[in-house]
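Visitor: Sequence:
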Amino acid sequence: MLEKLVAIKDRFEEVGQLIVQPDAMADMKLYSKLNKEYKDLEKIVKVYDEYSDVVGNIESSKEILKTEKDEEFREMAKMELDELEPRKEVLEEELKFMLIPKDPDDHKDVIVEIRAGAGGDEAGIFAGDLYRMYDRYIDGKGWKKELISLNEASSGGFKEIVFSVSGEDVYGSLKFESGVHRVQRVPVTESQGRVHTSAASVAVLPEVEDVDVELNLKDVKKDTYRSSGAGGQHVNKTESAVRLTHLPTGIVVECQDGRSQHKNYDKALTVLRSRLYEMELKKQQEEVAGARKSLVGSADRSDKIRTYNYPQGRVTDHRIGYSQHNLPTVMDGQIEEFIENLRIAENAEKLKAGEE
1 MLEKLVAIKD
11 RFEEVGQLIV
21 QPDAMADMKL
31 YSKLNKEYKD
41 LEKIVKVYDE
51 YSDVVGNIES
61 SKEILKTEKD
71 EEFREMAKME
81 LDELEPRKEV
91 LEEELKFMLI
101 PKDPDDHKDV
111 IVEIRAGAGG
121 DEAGIFAGDL
131 YRMYDRYIDG
141 KGWKKELISL
151 NEASSGGFKE
161 IVFSVSGEDV
171 YGSLKFESGV
181 HRVQRVPVTE
191 SQGRVHTSAA
201 SVAVLPEVED
211 VDVELNLKDV
221 KKDTYRSSGA
231 GGQHVNKTES
241 AVRLTHLPTG
251 IVVECQDGRS
261 QHKNYDKALT
271 VLRSRLYEME
281 LKKQQEEVAG
291 ARKSLVGSAD
301 RSDKIRTYNY
311 PQGRVTDHRI
321 GYSQHNLPTV
331 MDGQIEEFIE
341 NLRIAENAEK
351 LKAGEE
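Numbering-wise, my numbering puts 57 at position 57 of the sequence shown, and it's gapless, one number per residue.
Note that these hints are calculated values from the structure, not bench results.
Hints are supplied without guarantee of correctness; some may be wrong.
Restraint ranges, calculated between C-beta atoms of paired labels, are given here [claimed, not checked]:
| hint | residue 1 | residue 2 | range |
| --- | --- | --- | --- |
| 1 | Lys-304 | Arg-11 | 41 to 51 angstroms |
| 2 | Ile-344 | Asp-49 | 21 to 31 angstroms |
| 3 | Ser-154 | Pro-104 | 50 to 60 angstroms |
| 4 | Asn-35 | Val-195 | 26 to 36 angstroms |
| 5 | Phe-73 | Glu-94 | 40 to 50 angstroms |
| 6 | Lys-159 | Arg-259 | 42 to 52 angstroms |
| 7 | Gln-261 | Asn-216 | 20 to 30 angstroms |
| 8 | Glu-50 | Lys-102 | 19 to 29 angstroms |
| 9 | Glu-214 | Tyr-310 | 19 to 29 angstroms |
When the alpha-carbon atoms are kept at most 27 angstroms apart in a straight line, the in silico DSS-like pairs for lysine-lysine are as follows [what the hints assert, rightly or not]:
| hint | residue 1 | residue 2 |
| --- | --- | --- |
| 10 | Lys-66 | Lys-46 |
| 11 | Lys-29 | Lys-39 |
| 12 | Lys-282 | Lys-145 |
| 13 | Lys-304 | Lys-102 |
| 14 | Lys-39 | Lys-144 |
| 15 | Lys-304 | Lys-33 |
| 16 | Lys-46 | Lys-36 |
| 17 | Lys-46 | Lys-145 |
Built from N, CA and C at the ideal position, the CB exists for glycine as well.
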């Protein structure tokens, strides 16, 4: 571990020199990349520097106990050791987790797809509730959200809604939301007051560049049609909505939010690339992992991951058995504790896998 930490500190100092060079400052893409690497390494180096100080002070205190005859000095050294030894253990654990390899996609922007599942009208309403929950969470993080397409449900909410989110380490947080979300409550459409169970699926896809996935445009069939939904008379006059079909895989992507066919085409192409990337990523994960499947890091979109129980005011994440009894707060976008606990569980899994 120490060899890795020394190499990280060397790289941190090297990046610190590179970032102030005229070449880097003139190239915004390179500057941004170096700046991000510097900030990421700085977090580890700060903890490593404290760890080095603690280890040095422990050695000094032990040396005093070996050589010093003055009882007062010896007592001070013992007291210092009693404080430093536990701190050393805490910092060692912290550094172990910091050295766990990050998901290379964590820094990427995402495309989120929410679809109503089983449960009829109530599933559409719940899909709308999930959208509002994420909307509040995204606002709280200071990220930017852009609508790609939506298909409204007849009783409120959505049959399907797709949107992009951009900001710092968006995929690293929202990736844990992929899977089936289940709600248990009395629907507004229920006259007998019975609790129903409905579901909606969430897919969080890392947004990818042209270089991340091979996409031959000859394999893509493009159709245009008139947008449906809000938009006044305009939607009835122009075929601005775009539907793309990837012929080799059968993946279909629609975008009807913008009034420009060109912009809708670009958005749809971005979604298509992300879905193809997700397919390829899943194949690679299965090949690498073999029979072993991560509890939290590779949730299939068909896996039930979380239940929102309204009668009991409880939200439970089934992957880690973690519950909160503050459902209204969670539905208002306060999902950070779930994400943080899932991140800790994922890191613990990675650490265990690295030790096997």
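Visitor: Does each hint hold? Answer for all of them.
Guide: Against the structure, the hints:
Checked against the hint of 41 to 51 angstroms, the pair Lys-304 and Arg-11 passes, with Cβ atoms roughly 42 angstroms apart. In this structure the supplied range 21 to 31 angstroms holds for Ile-344 paired with Asp-49, their Cβ-Cβ distance being about 24 angstroms. For Ser-154 and Pro-104, the Cβ-Cβ distance of about 42 angstroms falls outside the hinted range of 50 to 60 angstroms, so the restraint is violated. The hint said 26 to 36 angstroms for the Cβ distance between Asn-35 and Val-195, and at roughly 51 angstroms that hint is violated.
A beta carbon spacing of about 31 angstroms between Phe-73 and Glu-94 contradicts the range 40 to 50 angstroms that was offered as a hint. At about 22 angstroms, the beta-carbon gap between Lys-159 and Arg-259 misses the expected band of 42 to 52 angstroms. Taking the beta carbon of each, Gln-261 and Asn-216 are about 22 angstroms apart, inside 20 to 30 angstroms as hinted. For Glu-50 paired with Lys-102, a C-beta distance near 21 angstroms keeps the hint of 19 to 29 angstroms intact.
Between Glu-214 and Tyr-310 the beta carbon distance is about 46 angstroms. The supplied range of 19 to 29 angstroms is therefore violated. Restraint check for Lys-66 and Lys-46: the C-alpha separation of about 31 angstroms exceeds 27 angstroms, so the hint is violated. Taking the CA atoms of Lys-29 and Lys-39, the gap is about 16 angstroms. The hint holds against a cut of 27 angstroms. Straight-line distance between C-alpha atoms of Lys-282 and Lys-145 comes to about 26 angstroms, which keeps the hinted pair within the 27 angstroms bound.
With a C-alpha separation of about 25 angstroms, the suggested pair Lys-304 and Lys-102 falls inside the 27 angstroms cut-off, and the hint holds. A threshold of 27 angstroms between alpha carbons decides the hint, and for Lys-39 with Lys-144 the separation of about 22 angstroms falls inside it, so the pair holds. A distance of roughly 37 angstroms separates the Cα atoms of Lys-304 and Lys-33; the hinted pair therefore is violated under the 27 angstroms criterion. Restraint check: the Cα-Cα separation between Lys-46 and Lys-36 comes to about 16 angstroms, which is no more than 27 angstroms; the hinted pair holds.
Of the supplied pair hints, the one linking Lys-46 and Lys-145 is violated, its CA atoms being roughly 33 angstroms apart against a limit of 27 angstroms.
The earlier numbered hints that this structure contradicts are 3, 4, 5, 6, 9, 10, 15 and 17.
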